[in-house]
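Enquirer: Spelled out, the chains give:
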Amino acid sequence: MNQLLAQLPVGLSIGAVLLLAALGLNFTFGQMGVINMAHGEFIMVGAYTAFVMQAWVGLPASYSLLVALPVAFLVTGLLGLALEAGLIRRFYGRPLDTLLLTFGIGLVLQQLARDVFGAPNVSVPAPAWLAGGATVAGMQLPHARMFILALAAVCVAAIAYYLNRSRSGRRMRAVIHNRDLAAVSGIATRRVDATTFFLGSGLAGIAGVALTLIGPTGPTTGTNYIVDAFLVVVVGGLGQLRGTVLAALALGLLNALVEPWSGASLAKVIVFAAIIVFLQLRPQGMFTVRTRALT
Amino acid sequence: MTSTITSPPPAAAPPRERPWPSRLAGPAVFVAVLAVALGVVPAVVEPFRLNLVAQYLCFAIVGMGIALAWGRGGMLTLGQGVFFGLGGYAMGMYLTLERVASDPLSGGVPDFMAWSGIDELPALWRPFAHPAVAIAAAVLVPGLVAAVLGWAVFRQRVRGAYFAILNQALAAAFVILLINQQHLTGGTNGLTRFPTLFGASLYSPDTKRWVYVAVVAVAALVYVAFRQVVRSRYGSLLVAVRDGEDRVRFLGYDPTWVKTLAYTLSAMAAGVGGALFVLVMGIIAPSSLGIIPSLMMVLAVAIGGRFSLAGAVVGAVLVNAAQTTFSESFAGGWTYLQGALFVVVIVFAPRGLAGIAETAAEWWRHRGRRQQLQGSSQ
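Residue numbers (my numbering), protein chains in the order written: chain X, 1 to 295; chain G, 1 to 378.
Hint data in this document are derived by calculation from the structure and do not stem from the laboratory.
All the given hints hold, so there is nothing to weed out.
Far from chain X, by Cβ distances over 10 Å, these chain G residues were calculated:
| hint | residue |
| --- | --- |
| 1 | W115 |
| 2 | T196 |
| 3 | L373 |
Every beta carbon over 10 Å from chain G, so not counted as near; a handful from chain X, in silico:
| hint | residue |
| --- | --- |
| 4 | L8 |
| 5 | A126 |
| 6 | L149 |
| 7 | S166 |
| 8 | F287 |
Distance ranges between label pairs, derived from CB positions:
| hint | chain 1 | residue 1 | chain 2 | residue 2 | range |
| --- | --- | --- | --- | --- | --- |
| 9 | G | D111 | X | G132 | 39 to 47 Å |
| 10 | G | Y203 | X | W261 | 38 to 46 Å |
| 11 | G | D111 | X | P216 | 26 to 34 Å |
| 12 | G | P27 | X | G215 | 53 to 61 Å |
Because the structure is a prediction, the values reported are computed rather than measured.
In this text, a Cβ means the ideal position worked out from N, Cα and C, and glycines have one as well.
With the hints as constraints, model all of the structure from the sequences given.
Expert: This is the structure in structure tokens:
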């Protein structure tokens, strides 16, 4: 039991990382049906933004992270906007084609990172106030992990507020539920699509900055998370914020609980098997939008 | 969520009554290509290059499976590396045991097991001492895994993007498993250093030539078999499921089995390709099975033409040939080119080279009629 408890923060922090990576996908994949494989590379771009803030712009480590968060959001958001306007908009309704297309984009971005920053990982020193950790009731709580957890919570709250309370967010929901009806009600659906993609891609940038705290920053940083992030969205249910949150935390906890007992490699396989079994029970994920469609 | 496909080929075109010379054109090309591949190529090409051609053809076999499952069945199989690996490891295990048997110093186990302190052959490995078992396993194990997995996901109508992502996750999990079960699989190094195949040195030019001939023969066999599948009633049903799964269900068919069968066949093709790949390259390792290698297998088919078996073969040979040519001289440039190829093919030629060839052929066939029309309008 004690050991279970000790794994709890580990699981939550794995879940928070997954959640940050998956939140953006919840927009682009969950709501728009675009399988953006380049999302992983957007995460990488976010991570490199944090690096650039320190190494090139020369901000001190104590607050460069906080500057990097909004900058990375803007950079990857604009990148996503360009991708949407240039290519993706022609491929709505063809998810498999978007997958291959964006994978190609991802390859190019990865190689670009290799050429600009070099193939080896770069180091992004964490601010001093995130070093160390606290011990509460026998649980190790590293500050960096807690920061990521808090960041994920803030992002979720902001997205929930945006979707439910703001005009723009409500327009977005309207377009997802019924594009044609939204269009005849005077909503500029094309502009909403672009906004959705901007937000989803921007969230990848935030995830990237957060990842510099716990993992290496290199050309393949994003690739390590992208498949898991997609699984989170699939398990949570397409376009369901609460589903994404629950699924990310559940997968994180499952990973943390299975790992000490089976080893990291088997844990991956067990989690994958669990997802297959779960999809047997609920093929549409944890939550679904009720529709009259056949599937 | 079904994928909309730009201008799919007609579902099992009714056998058109064509004059016999043109009806024989397809088989004639097939026989001619086969004759060149078996008769001319081994005689002119040096052994090193011949081995490379054999390697490309292994991916062509995988590609034909992808063309069946993806082009005809609409299932984007992003995890073919798994089945390729299962086939490859089955063959690799036999070759490893052949080396162990001929080496009195080995103590009856492969060296990587001895390093992990294992002095008795694990039960999983024992059957693979018989070549027949290993060859059968290289085909049947991938087929069985695909059948079980396919049945489980298709029964619940997991399709489109979901299916593709599950496949990708499967590839990721498989590679992690292989690397970490080092005492069973050789870890990152994989299985390699096979001195002999059935007692003959695997690296002699003579054996190389025979392996090449075997690869060509198997590729031809798979081509003919899959062509029959595509042209059969089942082939039409598969296309129907791709284009309107629910309509097929309303007609009284069960799409689960239609899709599972195609997925299984494509996995078996990948297994065969993997087993032959081991004979050709003398190595099977996790680095050639993960997400990226699996996607490269799909890219080759996308470029060649996902709706055409011949297109898949041409695409696999071209892409892999380009890879050896370019990645040797400038690796970074090749990655850019790969990325650009994905984009260009999807945007401008979703039916690949085969689609371009068909359009050109159509244009050629109708040129006479066009001239007539122009003549009469003037």
